[in-house]
Amino acid sequence: MTKVLIDCDPGIDDALALALAAGSSLDVQAITTVAGNVGLDRTSANALALRDFLDMGDVPVLAGSPGALVRGLIHAEHVHGSDGLGGAVLPPPSREVTAGHAVDHIITTLHDHPGEITLIALGPLTNIALALRREPRIVDWAAGIVVMGGSYTRGNHNPAAEFNILTDPEAAAIVFAAGWTVTQIGLDVTLTARVTTAVYDRLRDLGRLSTSLLPSVTHYGVVTPDTGPAIHDAVAVASVIDPTLLTFTPAVVNIETAGVYTTGMTVIDFKVADRRPNALVATRLDVERFWDLLVSAYRELGRRIG
1 MTKVLIDCDP GIDDALALAL AAGSSLDVQA ITTVAGNVGL DRTSANALAL RDFLDMGDVP
61 VLAGSPGALV RGLIHAEHVH GSDGLGGAVL PPPSREVTAG HAVDHIITTL HDHPGEITLI
121 ALGPLTNIAL ALRREPRIVD WAAGIVVMGG SYTRGNHNPA AEFNILTDPE AAAIVFAAGW
181 TVTQIGLDVT LTARVTTAVY DRLRDLGRLS TSLLPSVTHY GVVTPDTGPA IHDAVAVASV
241 IDPTLLTFTP AVVNIETAGV YTTGMTVIDF KVADRRPNAL VATRLDVERF WDLLVSAYRE
301 LGRRIG
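In this text, residue positions in the sequence shown follow the UniProt record's numbering: the first is 1, and each later residue adds one.
What the hints contain is simulated information worked out from the structure, not anything from laboratory work. This one's a predicted model, so the numbers in the text were calculated from it and none came from an experiment. No incorrect hints appear here.
The list that follows gives simulated cross-link-like pairs (lysine to any residue, SDA-like), each with its CA atoms no further than 20 Å apart:
| hint | residue 1 | residue 2 |
| --- | --- | --- |
| 1 | Lys-271 | Trp-180 |
| 2 | Lys-3 | Gly-115 |
| 3 | Lys-271 | Phe-248 |
| 4 | Lys-271 | Arg-154 |
| 5 | Lys-3 | Thr-108 |
| 6 | Lys-3 | Asp-104 |
| 7 | Lys-3 | Ser-25 |
Modelling step: build the complete structure from the supplied sequences, incorporating the hints.
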């Protein structure tokens, strides 16, 4: 089983991604939280509730950074709702967050299991950047890092920038320049993973999963026969479960931190030439196989949680 540590800011699509991880073959070592879609108190509370609801056992949940490294807070309640989960009705969590800070836990976990654990970053990259600043050797200790963020075409929070990168571009710049090869899952592929009417119908008969969590999808966007909301973060988790779902292209990725109109832009150059690529950028998703994998994992999870 592939061991992962998931850093996230739940978030509707974070919740759906955690559900995919819970129903799959991934071995989730920890969930760390960061401010992003909503504030840190809410992302942590959501992670705790999801951990219990998704029957993830004793997976520790640790709270991390309440804001960006140097910028003011940016949230997305207008997308995810004031609770962050689009009004999903989950039982309250039975336990508190694990003592300690997410950054320390990331460092310790990678140190104790060198070469074994893949980091999956589904929110702003503040926690990962702080871990790198404190202990640069995590670059060598991590089995890999997968980042849901950025785009080689256009943004979503503004014309140039995707939300996770824009929220803390200085942190993203640190992560992409750290010396490892980032697997970047950007809007160019996640926007093809849309919940259409046909997809939503496949998700209706999953017990508590269907009645409690999946209705949040309709808060995220309108489901129609032709299009629907994209569940971005689930694509990043799926890429770890089955990397063959995506096509990747080596690239040199830099993060714009000083642009007047382009702050947060991921400047992606596929013309690598004699330079060392710092990223493998997802350029295509096998959408049909992605939904098959997700539905299968959700059905397994649905049987388990009732």
